[in-house]
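Chains as they are written, first to last, in full-length UniProt numbering: chain W, 1 to 445; chain G, 1 to 155.
Quick caveat, the hints were computed from the structure, so don't treat them as lab data.
Treat the hints with care, as some may be off.
A short list of chain W residues far from chain G (calculated; beta carbon distances all over 12 Å) [what the hints assert, rightly or not]:
1) K71
2) E112
3) D114
4) Q150
5) V164
6) A257
7) K263
8) K271
9) T273
10) V307
11) S309
12) S339
13) D366
14) H368
15) D399
16) R403
Covered stretches of chain W (chain G as the covering partner; in silico rule of three or more C-beta atoms under 8 Å from a C-beta of chain G) [as the list claims (entries may be wrong)]:
17) 407-418
18) 426-434
Think of the CB as a built atom: it goes at the ideal place given N, C-alpha and C, for glycine as much as any other residue.
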Amino acid sequence: MAPKGSSTPCSGVTLKVRPCVAIGDAIRAHTGYLARGYDLVFESPKSDKLSLFDLGEKAYDHLLILPPRSKGFGPALSPKNIVNFINQDGNVLLALSGKSTTPSAISSLLLELDLHLATDRSSVVLDHFNYDTLSASEKHDVLLLQRPGQLRPDTKDFFGGEGVLALPRTAPHTLGDTALLTPILRAPVTAYSYNPKEDLSADDDVWATGSQLALVSAMQSRSSSRFTLLGSAESLQDQWFSATVKVPGSEQETGTANQEFAKQLTAWTFKETGVLKVGKIEHHLAQADITAEDLNPAIYRIKNETVFSIEISEYSNDKFVPFEVPANDALQLEFSMLSPFQRLKLEPSSRTENSTIYTTQFTVPDQHGIFSFRVNYKRPFLTNIEEKHEVTVRHFAHDEYPRSWKISGGWVWIAGLWSVIGGFLAFVFVWLYSEPTSAKTKKTQ
Amino acid sequence: MAPKRTPAAASSAAASGSSGPVSAPSPQTTAAPSSLSSGPKTLTTNSSIFDIAHTVWQQYLATTPQRTLLLDAFMAFLVLVGGVQFVYCVLAGNYPFNAFLSGFSAAVGQFVLTASLRMQTSSPSSSTTSGEEGAFADYVFGSLILHFFCINFIN
Numbered sequence: 001m002a003p004k005g006s007s008t009p010c011s012g013v014t015l016k017v018r019p020c021v022a023i024g025d026a027i028r029a030h031t032g033y034l035a036r037g038y039d040l041v042f043e044s045p046k047s048d049k050l051s052l053f054d055l056g057e058k059a060y061d062h063l064l065i066l067p068p069r070s071k072g073f074g075p076a077l078s079p080k081n082i083v084n085f086i087n088q089d090g091n092v093l094l095a096l097s098g099k100s101t102t103p104s105a106i107s108s109l110l111l112e113l114d115l116h117l118a119t120d121r122s123s124v125v126l127d128h129f130n131y132d133t134l135s136a137s138e139k140h141d142v143l144l145l146q147r148p149g150q151l152r153p154d155t156k157d158f159f160g161g162e163g164v165l166a167l168p169r170t171a172p173h174t175l176g177d178t179a180l181l182t183p184i185l186r187a188p189v190t191a192y193s194y195n196p197k198e199d200l201s202a203d204d205d206v207w208a209t210g211s212q213l214a215l216v217s218a219m220q221s222r223s224s225s226r227f228t229l230l231g232s233a234e235s236l237q238d239q240w241f242s243a244t245v246k247v248p249g250s251e252q253e254t255g256t257a258n259q260e261f262a263k264q265l266t267a268w269t270f271k272e273t274g275v276l277k278v279g280k281i282e283h284h285l286a287q288a289d290i291t292a293e294d295l296n297p298a299i300y301r302i303k304n305e306t307v308f309s310i311e312i313s314e315y316s317n318d319k320f321v322p323f324e325v326p327a328n329d330a331l332q333l334e335f336s337m338l339s340p341f342q343r344l345k346l347e348p349s350s351r352t353e354n355s356t357i358y359t360t361q362f363t364v365p366d367q368h369g370i371f372s373f374r375v376n377y378k379r380p381f382l383t384n385i386e387e388k389h390e391v392t393v394r395h396f397a398h399d400e401y402p403r404s405w406k407i408s409g410g411w412v413w414i415a416g417l418w419s420v421i422g423g424f425l426a427f428v429f430v431w432l433y434s435e436p437t438s439a440k441t442k443k444t445q
Numbered sequence: 001m002a003p004k005r006t007p008a009a010a011s012s013a014a015a016s017g018s019s020g021p022v023s024a025p026s027p028q029t030t031a032a033p034s035s036l037s038s039g040p041k042t043l044t045t046n047s048s049i050f051d052i053a054h055t056v057w058q059q060y061l062a063t064t065p066q067r068t069l070l071l072d073a074f075m076a077f078l079v080l081v082g083g084v085q086f087v088y089c090v091l092a093g094n095y096p097f098n099a100f101l102s103g104f105s106a107a108v109g110q111f112v113l114t115a116s117l118r119m120q121t122s123s124p125s126s127s128t129t130s131g132e133e134g135a136f137a138d139y140v141f142g143s144l145i146l147h148f149f150c151i152n153f154i155n
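Same shape as in the complex, but just chain W (with noise of 0.2 Å):
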C-alpha cells in the first residue's frame, strides 16, 4: 500500500514514486513534501530513457508532472501512455502553470477526462479581492484562498484545516459532468480568467468566471486509480511553503499553508488516504448459535431470516482505522436478483483495532432464485466498494410448510372435508345394511 517511488519532474518535468522522475533544476524545490518513504525518481519529459511502462507493466506506482520548461513532453508521456497508466491503476499528480502554455498534449489527455481547459491553454486566474498584496500587488494573481472544507455533508474532508492557501499563476480548468469527476478547490466567486499575453479589451466574451473555474481537482477512475490535477505548480514551490502573504484589507501577515495542503494532496493522490479496504464478509441465518458451517451457506429458503455483516477498514497514513461513514452518509447492502429486492442501511455493530464491523439483518424476500448479497459503495475521495457474494434463495420444502391445522383460518374447511369423508362411511354403512329391502323394493317394482 505504501507508495514506493515517484518521479519529479523538475522545472516542468514528471515525477513517479517508485521510481519517480523529476527533470531539471526546479525538482529539489518541487519534493520536499514527498520526503516520507517514497522512492523518488526524476526524469527529463523528452528523455529517451523515460518509459512509464517495463514490459508491459507499470514501471512506477505513481506518477507526479510538472509543467515543462521546454515546449512539450516526450512520447512516453503521449496521453494514450498515461490513460495507459492509470488504466493499470497507477496514481497521476498533474501540476499545471500559468506560466507557460500547457502543451497540447496534456489539453487532450485532459479532454480525454472531462476537463477542460481554456481554449488558449495559457489564462491564469485573477481575482481583485483574495490576491496577496505583498508578492502580487499589481498584477493580482496570486490567490489567496481558505483551505477547502468538505465538498458535502456526506463526504469525508481530506484536505481541511486551518490557514490560508497562495496559489500564485493559477492555470484553471472547467468540470465535465463526469460523476469520476470531484473538484478540491474551486476558485472564489470573484475571480476569473485571463490570458495575459491577449489584450484587455478582446476579452468580450469570458470563457469561465467566478466558481466555475476550479483550481484543483480530482478523477477517481472506476478501478479507483486517482488523478488529480493541480492549477498551479508554483504552490509546491518551497518559496511558498514558508512565504508570508498578507490579504487585501487585512493588516495582518500570515504565513500559508501550502505545506500541508500539498501533503494533504499528494497523499489522497497517491492513496495514503481514503483507501478502503474490505475484511471478512459473513452471512448467516439469524440464529443464537453460529457455527462454522452455519456461515455464508450457499443456499437460504425463502422468508429466512438473515444477518449480513461485512468489515471495513480505512487506510489513513501509515495504518489502518475502522472506517466511519461519514455523517448524513449510508453503507448499505442491496439483496438483488436482477433489480434489488432489499436495501438495507448497515449499522456499525462492533469495532476492531483496524476495522469496524457494519451488520443488518432482514427476511429474504418471497422470491425463490439466485440472488446475490451487494455492497456498492462508491464515494467521492473513497476507493470503491464492490462486493458481490451470489447464494440460492429455494422455496419452501413440502414437510416446511404449517400443518394444516395450524392456521386456524382453517379449520372450518378441515371439519368440511373430514364431515364429508365421516358422511361417505355413515352413507356406506347404511347403504349396505339397506340392501334386503331395497333390492326387494326394486324387484318387486
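Following the hints, position chain G against chain W.
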C-alpha cells in the same frame, strides 16, 4: 345441482311405474306437470302452490326406493356442507386457500360421484354393464381416491 337431480328423480319415478310424474321438490318446476298428476290426492288446476308441493313431496316419499332416498339425503347433506364452506370462504377470506380447495372440492367431488351412483342404480333402463354392486364398488373406489387426494392436499 338442482337440474341434475330433476331428471334423475323423474326417471326413477317413471321407472317405478307410478302414474304421476315425480319431480324435484321445487314448486316452479312442478307447476306444469302437476296438472297431469294422477297421484293419491287429485289436484286441480286451481290447487295452491303449497298443495302442489305437498303432493309432489308425498309422491316422492311414497314412490322412491329407499336406497334412492338415502342417496338423495346424502347429496342434500353434501350440498349443505359445500355451501357452508363456500359461504365461509366468501365471508372470511380464502386463507389457507389449499384448505378451502380441498374441503370444497371434496364436497363437490363427492356430490358428483354420488350423483353418478344414483344415475346408475335408480333406473334399470340405464344400461350399466356392472350392475348395482359393480356401480357401488366403482363409487367406493372413486370416493377413496378423492378422499386420499383431498387429505393430502389439505396437509
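Do the hints match the structure? See the list:
1. With a minimum CB-CB distance of about 81 Å to chain G, K71 of chain W clears the 12 Å threshold, and the non-interface call stands.
2. No Cβ of chain G comes within 12 Å of the Cβ of E112 of chain W; the nearest lies about 61 Å off, and the non-interface call holds.
3. A cut-off of 12 Å between C-beta atoms confirms that D114 of chain W is not in contact with chain G; the least separation is 57 Å.
4. Q150 of chain W, annotated as away from the interface, keeps every beta carbon of chain G farther than 12 Å; the closest lies near 53 Å.
5. No beta-carbon of chain G is positioned within 12 Å of the beta-carbon of V164 of chain W; the least distance is around 71 Å.
6. For A257 of chain W, the condition that its CB be more than 12 Å from all CB atoms of chain G holds, with the nearest at approximately 69 Å.
7. Against the 12 Å criterion, K263 of chain W stays outside the reach of chain G, whose nearest CB is about 66 Å from its own CB.
8. Look at K271 of chain W: its CB is around 57 Å from the nearest CB on chain G, clear of 12 Å, so calling it non-interface holds up.
9. Every CB of chain G lies more than 12 Å from the CB of T273 of chain W, the least distance being 57 Å, so the non-interface label holds.
10. At the 12 Å boundary, the C-beta of V307 of chain W stays outside the reach of chain G, the nearest C-beta of that chain being 30 Å off.
11. Non-interface call for S309 of chain W relative to chain G: holds, since the shortest CB-CB distance, roughly 36 Å, exceeds 12 Å.
12. Every CB of chain G is more than 12 Å from the CB of S339 of chain W (nearest about 28 Å), matching its label as outside the interface.
13. With 12 Å as the threshold on Cβ separation, the claim that D366 of chain W sits away from chain G holds: the shortest Cβ distance comes to roughly 15 Å.
14. For H368 of chain W, the shortest C-beta to C-beta distance to chain G comes to about 19 Å, beyond the 12 Å cut-off, and the non-interface label holds.
15. At the 12 Å boundary, the C-beta of D399 of chain W falls inside the reach of chain G, the nearest C-beta of that chain being 9 Å off.
16. A beta-carbon of chain G comes within 12 Å of the beta-carbon of R403 of chain W; the shortest separation is about 6 Å.
17. Coverage of the segment 407-418 of chain W by chain G holds. Counting CB-CB distances below 8 Å, 9 residues qualify, and the rule asks for three or more.
18. Remark: the segment 426-434 of chain W is confirmed as covered by chain G, as 5 of its residues place a Cβ nearer than 8 Å to a Cβ of that chain, reaching the required three.
The structure fails hints 15, 16 (numbered hints given earlier, in ascending order).
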